[in-house]
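So the protein lines, in turn, are chains F and P.
Add 8 to a position in the first sequence, counting from 1, and you land on the number used in my numbering.
Add 100 to a position in the second sequence, counting from 1, and you land on the number used in my numbering.
Check each hint, because a few of them may be wrong.
To be verified - Below, simulated BS3-like cross-link-like pairs (lysine-lysine); rule was C-alpha separation at most 27 Å, straight line:
(1) K249/F to K264/F
(2) K263/P to K264/F
(3) K40/F to K231/P
Treat the hints as calculated values from the structure; they're not laboratory data.
Below, each chain spelled out in residue letters.
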Amino acid sequence: MVEKNTTYTEFLEAPPHVSEWRRFTRVFFQRKLVIFGLAILVLLVITAVFATWLAPYDPYKLGTADSLLQPSMGHPLGTDILGRDTLSRLIYGSRTALMVGFISVGVASIIGITLGLTAGYFGGAVNVIIMRAMDALMSFPMILLALVVASVLGGGIQNVIIALSIAITPAYARVIHGLTLSIRENDYILAQRAMGASNIRTMLGHILPNALPPMIVQITLQLGALILAEAGLSFLGIGIKPPGAAWGSMVNDGYKYLLNNPLLSFAPGLAIMLVVFAFNMVGDGLRDALDPRLRGLL
Amino acid sequence: MTTYIIKRLIQALFVLILVTLIIFFVMRLLPGDPIIIYVAQTAELEAMPPEMLDKLRAEFGLDKPIVVQYANWVSGIFQGDFGTSIFYRENVSTLLLERFPVTLHLGILALIISSILGIVLGLVAAIRRGKWMDTVVTPLTYIGISIPVFWLGILLIYGFGLKLGWLPICGYTSPFDDFWLSTRQLVLPVICLALFGLAANARQMRSSMLEVIRQDYIRTAWSKGLSERNIIAKHAIKNSLIPVITLIGISVRIMLGGAVLIEIVFAIPGVGRLLVSSIFGQDYVVVQAVTFVMAVIVLVVNLIVDISYGWLDPKIQYG
Numbered sequence: 009m010v011e012k013n014t015t016y017t018e019f020l021e022a023p024p025h026v027s028e029w030r031r032f033t034r035v036f037f038q039r040k041l042v043i044f045g046l047a048i049l050v051l052l053v054i055t056a057v058f059a060t061w062l063a064p065y066d067p068y069k070l071g072t073a074d075s076l077l078q079p080s081m082g083h084p085l086g087t088d089i090l091g092r093d094t095l096s097r098l099i100y101g102s103r104t105a106l107m108v109g110f111i112s113v114g115v116a117s118i119i120g121i122t123l124g125l126t127a128g129y130f131g132g133a134v135n136v137i138i139m140r141a142m143d144a145l146m147s148f149p150m151i152l153l154a155l156v157v158a159s160v161l162g163g164g165i166q167n168v169i170i171a172l173s174i175a176i177t178p179a180y181a182r183v184i185h186g187l188t189l190s191i192r193e194n195d196y197i198l199a200q201r202a203m204g205a206s207n208i209r210t211m212l213g214h215i216l217p218n219a220l221p222p223m224i225v226q227i228t229l230q231l232g233a234l235i236l237a238e239a240g241l242s243f244l245g246i247g248i249k250p251p252g253a254a255w256g257s258m259v260n261d262g263y264k265y266l267l268n269n270p271l272l273s274f275a276p277g278l279a280i281m282l283v284v285f286a287f288n289m290v291g292d293g294l295r296d297a298l299d300p301r302l303r304g305l306l
Numbered sequence: 101m102t103t104y105i106i107k108r109l110i111q112a113l114f115v116l117i118l119v120t121l122i123i124f125f126v127m128r129l130l131p132g133d134p135i136i137i138y139v140a141q142t143a144e145l146e147a148m149p150p151e152m153l154d155k156l157r158a159e160f161g162l163d164k165p166i167v168v169q170y171a172n173w174v175s176g177i178f179q180g181d182f183g184t185s186i187f188y189r190e191n192v193s194t195l196l197l198e199r200f201p202v203t204l205h206l207g208i209l210a211l212i213i214s215s216i217l218g219i220v221l222g223l224v225a226a227i228r229r230g231k232w233m234d235t236v237v238t239p240l241t242y243i244g245i246s247i248p249v250f251w252l253g254i255l256l257i258y259g260f261g262l263k264l265g266w267l268p269i270c271g272y273t274s275p276f277d278d279f280w281l282s283t284r285q286l287v288l289p290v291i292c293l294a295l296f297g298l299a300a301n302a303r304q305m306r307s308s309m310l311e312v313i314r315q316d317y318i319r320t321a322w323s324k325g326l327s328e329r330n331i332i333a334k335h336a337i338k339n340s341l342i343p344v345i346t347l348i349g350i351s352v353r354i355m356l357g358g359a360v361l362i363e364i365v366f367a368i369p370g371v372g373r374l375l376v377s378s379i380f381g382q383d384y385v386v387v388q389a390v391t392f393v394m395a396v397i398v399l400v401v402n403l404i405v406d407i408s409y410g411w412l413d414p415k416i417q418y419g
């Protein structure tokens, strides 16, 4: 049954002009869960930036309190086996998560965009070699690839970043490759070429800007996956070296004392979940707001 | 269609060769000498004369040029021989045959549950959009794709194992030895492993179903006076399944990664556990073999997914 609520005036009047930004914000902020996700991310950034002031105790110093204290006013989440305040370590852990997440995504998107754009633009043998290499990398589970690379390079946060960047690059390369293939066929690209624009200029000045909105969505959504992978690696004991604080390794440390104080393991895990959830929500919101096909339908 | 399958097979073979190259040369970048590590673990390094080390090296073929080592490894694979584990002192093929069925048992159960349940939940959420099923299922799927599997495992162990005492918290028993115990032991790990795929499938199914039921041919079906059951079952499901099939292909890859973590949490003696202990023990022969087999599984699944598109959607032309 088609509801009859359209009037003729709607067709006669020109649609009111709405700026791109207004349209974007209207769709983006429409869903409450997206706003919730954004709030979590803002909170996370504030926590990471002001960790030094927010943390009640030194997260690294050993024996500031008795080990395995139950939650109390002084230590809201209790203390770990080495007598360190769990809340303080949780707060400092936000730095690890954000740093690993943002740097790896930055590195991976630069490399991935370069490879995918080059492969899609030039085609031919370049395309085959680059994209099949990406396929080969994509056939390893992400955490497994990162695990092997990190063990080859040795522990430490910078090696985890390298490992995760390598693991996530193919995903970006594939997306931009597909986008380049379709954008390349447009007449304005042909016009550029006819005017004698260089390849670099066409790629960076005309293809990349048009491919950027879907890439931004991908990048945001992958940040969640990346933080999950980082947590998995540090849970397995690869990654930030002690006494550094990472949520994944905190879950693992607390696991052994589950019956003494389950919060040791539960709290950092909840933090991981909330942050991944927030990135997924914001990524979804961005997709809805940037995808013209979905505009006005939600 | 046949030419497409042949083309796709050649492409897969090319990727497979790249996979072997990546695995082999990355593993050779590992710092440290596996022989020294093996000997050090048996605490005889001091007493070991250098000739003895050389002999061990020759035994594992480590004295040959690296290209020859690669050629030996690849030709070994084609004969089902993955070499000898430096640490276990056992044929890697035997190790794999022992450990892989465990991971497959876990993984296949999780794959079946996540596919069927995910598709059904997504379908219901879409056709009852905005009703209570949708308002319950959809937010839960967001949690499902955000939860770290190892942490979910710990939560379940705490709740169902330690507090309620309903289920065993770790270990694995072959279903042929004790089916009931085996099933009880697998309940929690399978839930953990299935949840991500389940949630992802439900999300994809919901959104592609919503897209399909807006199409003209569905409206035509309504106006012909067909029943809802008929329209959904005969016209809508098949088309909305295409993106879900792609996703199931991707989730096999994610599940293999998740299995590594879950086998650690639940102390299940599968390949994931073997892989992690081999990485820490720098037993690269085993790491090579496990990563290779996992990559082959992912490649084969992707091949099947690509070919099954043709069956699901005759509109797709294979160029």
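Taking the hints in turn, this is what the structure says about them:
no.: 1; hint: K249/F to K264/F; result: holds, 19 Å
no.: 2; hint: K263/P to K264/F; result: holds, 15 Å
no.: 3; hint: K40/F to K231/P; result: holds, 18 Å
In this structure, every one of the numbered hints holds.
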